[in-house]
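Sequences listed follow chains P and F, in order.
For the first sequence, my numbering gives the first residue as 2, with consecutive numbering after it.
For the second sequence, my numbering gives the first residue as 7, with consecutive numbering after it.
The set of hints was computed from the structure by calculation and includes no laboratory data.
Positions of the beta carbon are idealized from the N, C-alpha and C atoms, including for glycine.
Treat the hints with care, as some may be off.
Here are the simulated distance ranges between beta carbons [stated by the list, open to error]:
#1 PRO108(P) / GLN102(F): 47 to 57 Å
#2 ALA91(F) / GLY410(P): 29 to 39 Å
#3 ALA309(P) / ALA91(F): 43 to 53 Å
#4 ALA104(P) / GLN102(F): 41 to 51 Å
#5 PRO108(P) / SER73(F): 53 to 63 Å
#6 GLU17(P) / ALA91(F): 24 to 34 Å
#7 ALA91(F) / GLU70(P): 28 to 38 Å
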Amino acid sequence: MSDRLPGLDALGAEIERMARAGDGRGRVGRHRSWLRAGRRPTLVLALAGLVLVVAAAALAATTGLLTGEPVKDRGVHFRSDRGLGTVVPGSAHLTALRVPDPAGGLPWGLRTVRTTRQMGCVQVGRVLDGKLGVLGQDGAFANDGKFHELPPGVLQQTDCAPLDGAGHAFVAVSYGGLPASALGYGCTARPLPALAHVTYTPPPVCPAADERLVYYGLLGPAGRAVSYKDVGGREVRSSVSGPDGAYLVLTAPTAVHPASGMFYVMPSPGSGLVAVHYRDGSTCKIRSARAIGGAKRCPLKGYVVPPAKRYTAAEVRAPVYARVSATLARPPSLGGPKRPLLRRVTVSFRAPVPTPDSRSFYIVSMAVPRGHGHVPRCDFGMTLGPVARNVAAGALVRQDYWIKPTCRGTVRGTVTLHQQRGKPDQEPYMPTPGKGDRTVGRYSTKIP
Amino acid sequence: MRREAEEVRALGLPIREARGFVALYEREGDMILTFCARRVLDADTALDLTAETFAQAFRGRRGFRGSTEVEARAWLLTIARRQIARYLRRGELDRQVLERAGIQVPRLAPDEVEEIERRADLAPLRAALGAELAKLNAEQREALRLRVVEERPYEEVARSLGVTEATARARVSRGLRAMGAALEPRRLTGGQER
Numbered sequence: 002m003s004d005r006l007p008g009l010d011a012l013g014a015e016i017e018r019m020a021r022a023g024d025g026r027g028r029v030g031r032h033r034s035w036l037r038a039g040r041r042p043t044l045v046l047a048l049a050g051l052v053l054v055v056a057a058a059a060l061a062a063t064t065g066l067l068t069g070e071p072v073k074d075r076g077v078h079f080r081s082d083r084g085l086g087t088v089v090p091g092s093a094h095l096t097a098l099r100v101p102d103p104a105g106g107l108p109w110g111l112r113t114v115r116t117t118r119q120m121g122c123v124q125v126g127r128v129l130d131g132k133l134g135v136l137g138q139d140g141a142f143a144n145d146g147k148f149h150e151l152p153p154g155v156l157q158q159t160d161c162a163p164l165d166g167a168g169h170a171f172v173a174v175s176y177g178g179l180p181a182s183a184l185g186y187g188c189t190a191r192p193l194p195a196l197a198h199v200t201y202t203p204p205p206v207c208p209a210a211d212e213r214l215v216y217y218g219l220l221g222p223a224g225r226a227v228s229y230k231d232v233g234g235r236e237v238r239s240s241v242s243g244p245d246g247a248y249l250v251l252t253a254p255t256a257v258h259p260a261s262g263m264f265y266v267m268p269s270p271g272s273g274l275v276a277v278h279y280r281d282g283s284t285c286k287i288r289s290a291r292a293i294g295g296a297k298r299c300p301l302k303g304y305v306v307p308p309a310k311r312y313t314a315a316e317v318r319a320p321v322y323a324r325v326s327a328t329l330a331r332p333p334s335l336g337g338p339k340r341p342l343l344r345r346v347t348v349s350f351r352a353p354v355p356t357p358d359s360r361s362f363y364i365v366s367m368a369v370p371r372g373h374g375h376v377p378r379c380d381f382g383m384t385l386g387p388v389a390r391n392v393a394a395g396a397l398v399r400q401d402y403w404i405k406p407t408c409r410g411t412v413r414g415t416v417t418l419h420q421q422r423g424k425p426d427q428e429p430y431m432p433t434p435g436k437g438d439r440t441v442g443r444y445s446t447k448i449p
Numbered sequence: 007m008r009r010e011a012e013e014v015r016a017l018g019l020p021i022r023e024a025r026g027f028v029a030l031y032e033r034e035g036d037m038i039l040t041f042c043a044r045r046v047l048d049a050d051t052a053l054d055l056t057a058e059t060f061a062q063a064f065r066g067r068r069g070f071r072g073s074t075e076v077e078a079r080a081w082l083l084t085i086a087r088r089q090i091a092r093y094l095r096r097g098e099l100d101r102q103v104l105e106r107a108g109i110q111v112p113r114l115a116p117d118e119v120e121e122i123e124r125r126a127d128l129a130p131l132r133a134a135l136g137a138e139l140a141k142l143n144a145e146q147r148e149a150l151r152l153r154v155v156e157e158r159p160y161e162e163v164a165r166s167l168g169v170t171e172a173t174a175r176a177r178v179s180r181g182l183r184a185m186g187a188a189l190e191p192r193r194l195t196g197g198q199e200r
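Build out the structure end to end from the sequences listed, making use of the hints.
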């Protein structure tokens, strides 16, 4: 103990004082009656809950599955002119795909929708009486056991991709551990590692028996079928449904393919499935099915490049301004916990050309000095955020970013115009760097 | 050999007794401090968490059923992990547990902070963290920035990025996984929340 730190020794003295004082008090925190006053309300509530559960079960036994409140978007008000947009009325189509669940009960189904920002989307869930929904289990809806309809307009339960030039969406979702409830955020397949300087409330870990490997999406008009391996290792072929080439595959995790919790939205399948079959008779074999997200993706047969005006470098050039606030403030909040005090970086420019839908958008990059090589002091170096909204030519674009008060030095960045040309982006608003982008301008400003 | 010896070495004094508990601190205090420092990357916070861990351990000492030093260490580490997770989740220390125990956590001198950082090997950890961040693509870093620096809920991260909450969660969790791997590869479970 000779090299012991003084701080640890001082703490040791405190610990010893606590221990000796506690020894005198005898049993600390022991023999507390579980029926003491503070616990009684819990007991009463638990008993009341039990009565309700029994009553509900009796009702379900006679009338079938109970229906609860529909699923809602949490906290965010989606707008027609930004992000994913909003669902175009009348565009929702529940495909004919019905896939049994390994544990029985309601089958799984897939619905397609279109949004106001020219996106095609898929929604997956359990099907009851021709309605798509989720089950109150696995942390969803307080495990009430009811069926909750998923309205088409609920975009938080939706996976989207920009439409191609012919109005088709190409989207492949790989979900290595969706709860049997079909609601993605009630529980999680694996816990995230606890990390310094990260405050988050992870959902509980799903019961292993309730995890599903789910692969779904839209292959486009050229897709005919997909093949996958069932839990017994047998190869199974499953035909697509409808002109968008909708597919839905669902299996239970196995020792070979465990529930990893991985989730990817890509333009075409590249993992989980064994093969994609096309109407022209060709087949794309997916060689590395275990390397989720890392496998080579199948070609986008039938994809039509969306029309996009080609601008010259001069046409998109515009001055870009940036300002860093001298004082600290809290980022605006939609509610929830109080935000930390941060420094605002405002980047602004006049849009030289319009971005009318999700297939073109401005990107603001920002390089923040790290500060003495001590990462937690400033975090993240260069970041890149999309201006994911409709912008008219000449409109003032103003984006606020927030950095830690400990950041020092000069903030630098670039504004670029991204247009979807050639292959679609890997994920919505996640462009392939540099491809088809035009520089609008650069900025640089010192942190006060 | 040392590990084998620890496994069979019985606790000299039961930890429910004051002297036994103080001996436990003497034996494991350093290790718990380093354990905490490597997870929160901050010496002062690590000392606070060490104090919390021993305060919680003292409260629950009668629930400890082990009889060897290695069992006592595992028990302490479990408590430490819980306190760290709580701190990371809430972003604040558990002052109540220290107040209940009547513990005043000493303040560290600058040279002590440096010494703790040296012992916990924090500089390479931070460098590894920085390197992992540099490997992430800029969109993932932006998702992380919104989530970690601005502490926005996923709904807001999603809105800001123009993507679904699921995609926002996926981007953040991919980044977190990479950071987790940089901090301690063995802790990476391969999990990723949606």
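### Query
Which of the stated hints cannot be reconciled with the structure, identified by number in ascending sequence?
none
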